[in-house]
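In order, the protein sequence lines correspond to chains C and B.
The first sequence begins at 117 in my numbering and counts up one residue at a time.
The second sequence begins at 1480 in my numbering and counts up one residue at a time.
Hints are not guaranteed to be accurate.
[Said to hold, decoys possible] Examples of chain C residues toward chain B, derived with CB under 8 Å:
#1 Glu123
#2 Ala147
#3 Glu149
#4 Ala154
Hints in this document: simulated from the structure, not taken from any laboratory.
Note that beta-carbon positions come from the ideal geometry of N, C-alpha and C, so glycine has one too.
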Amino acid sequence: MFNTIEEYLEALRSEMKDADLALVQDALADAREHLSTALAEIRESSPKTKEADALKKVIEEYGTPEETASAYKEVERRTSPALKQTPKSYSFLGAIFGVYADPRTWGALLFMFIAFVTGIIYFTWAVTGLSLSLSLSVFIFGLPLAILFLLSVQGLALLEGRLVEALLGMRMPRRPLFAQRGLKWFERLKVLVSDKHTWFSLLYLILQMPLGVLYFSLMVTLLFLSLGFMVVPVVQWVFHFPTYQINSVGYDLPVWSLLLIQLGGFLLLTLALHLARAIGWLHGRYAKALLVTE
Amino acid sequence: MDTSLATKKFQKEMNAGTSSLVLLSVLSRSKKSMYGYQIAKHLEESGPEIPMMKQGTLYPVLRSLEENGLLESLVEPSVSGPPRRYYKITEDGKLALKDWLGIWKQTKKFVDSNLKG
């Protein structure tokens, strides 16, 4: 029925076409690992077995694409994603202030700070690797270098996916994409270059720096501005420090305005957290679109 | 009603619970980390005449056990093919296995005593 492992994987993929893309990628990686290991074992233990018979036996033990697909869907249904969806609050106040209790808010906030650091690392790596691979491609040793670089891009994309799933709650691949076996250097490069997944991942890594800087500065500004508003009364009352100075004369704010300023700071903080959660949601979708293969 | 379909469904539901228990127990007894194919082979050898669940269904279960922190895994390159994922039981996994064995014994007793009538 199936003549090669690739055909089986193709059937498995079409069987899972309505499943989550990340789940499909995991299932394909598992199947490829198992089938090629089992096949290699048969080849070793009884070299006389015909290739087609060996594959038939291996697949029979592994299960048909339908069986495998339904097993993955079944388990995925029982496994909750990293960050569970909190029940929606329909009361007005609940919708506004529930943001403090929502794990996705704090995950997104943490992600935006981390993206600043990872963004710089990704950018440096991507630009250095790309320019080195391009300029050295005139030499013969440029080829393995380009392959290593493109493989590292896929590795970084998987890593970033894990980060996105942990912090933003978006289901991402948990297994790397495996390359086909037995390819020559040049063919392997051709596969990598013709795979649009590679280029989307590279684009993501490069764009992560401006995005990371934007996220970081936006969040630092908003958080410290709102915290600043909230501590004005403490500074003025407890430390007797004037709130503002004009011509070296310090002025205190009238008492009635202090509470208003504090309230404003709290509302700004709430707004900032809403913004963080919304950006986290958007970034999760954006990451999935660029980093997950179809 | 096609009874073979119902039987298939029953078999699937039975496997859903027991496969987690069996996998956890196999990995707790193994001193070294094991990869999927090794585990499947091991299961086949320990009960060759029992119609086992399809090997392909083990992988999603391994993955969900890892998601729940009962197993941990490591990808290592192999000589003969794509990299392999090696699974190992965690401390949490050992604790869970102890509870699960208790549940299994109770279930077994309950089912057996009711089947005898």
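These are the hints, each one checked on the structure:
Contact between Glu123(C) and chain B, as hinted, is not supported at the beta carbon level, the nearest pair being about 15 Å apart and thus beyond 8 Å. Interface hint status for Ala147(C): upheld, as the beta-carbon distance to the closest one in chain B is roughly 7 Å, under 8 Å. With a least beta-carbon distance of about 5 Å to chain B, the hint placing Glu149(C) at the interface is held under the 8 Å criterion. Proximity of Ala154(C) to chain B holds as hinted, the smallest CB-CB distance being about 6 Å (cut-off 8 Å).
Violation of the numbered hints given earlier is confined to hint 1; every other hint is satisfied by the structure.
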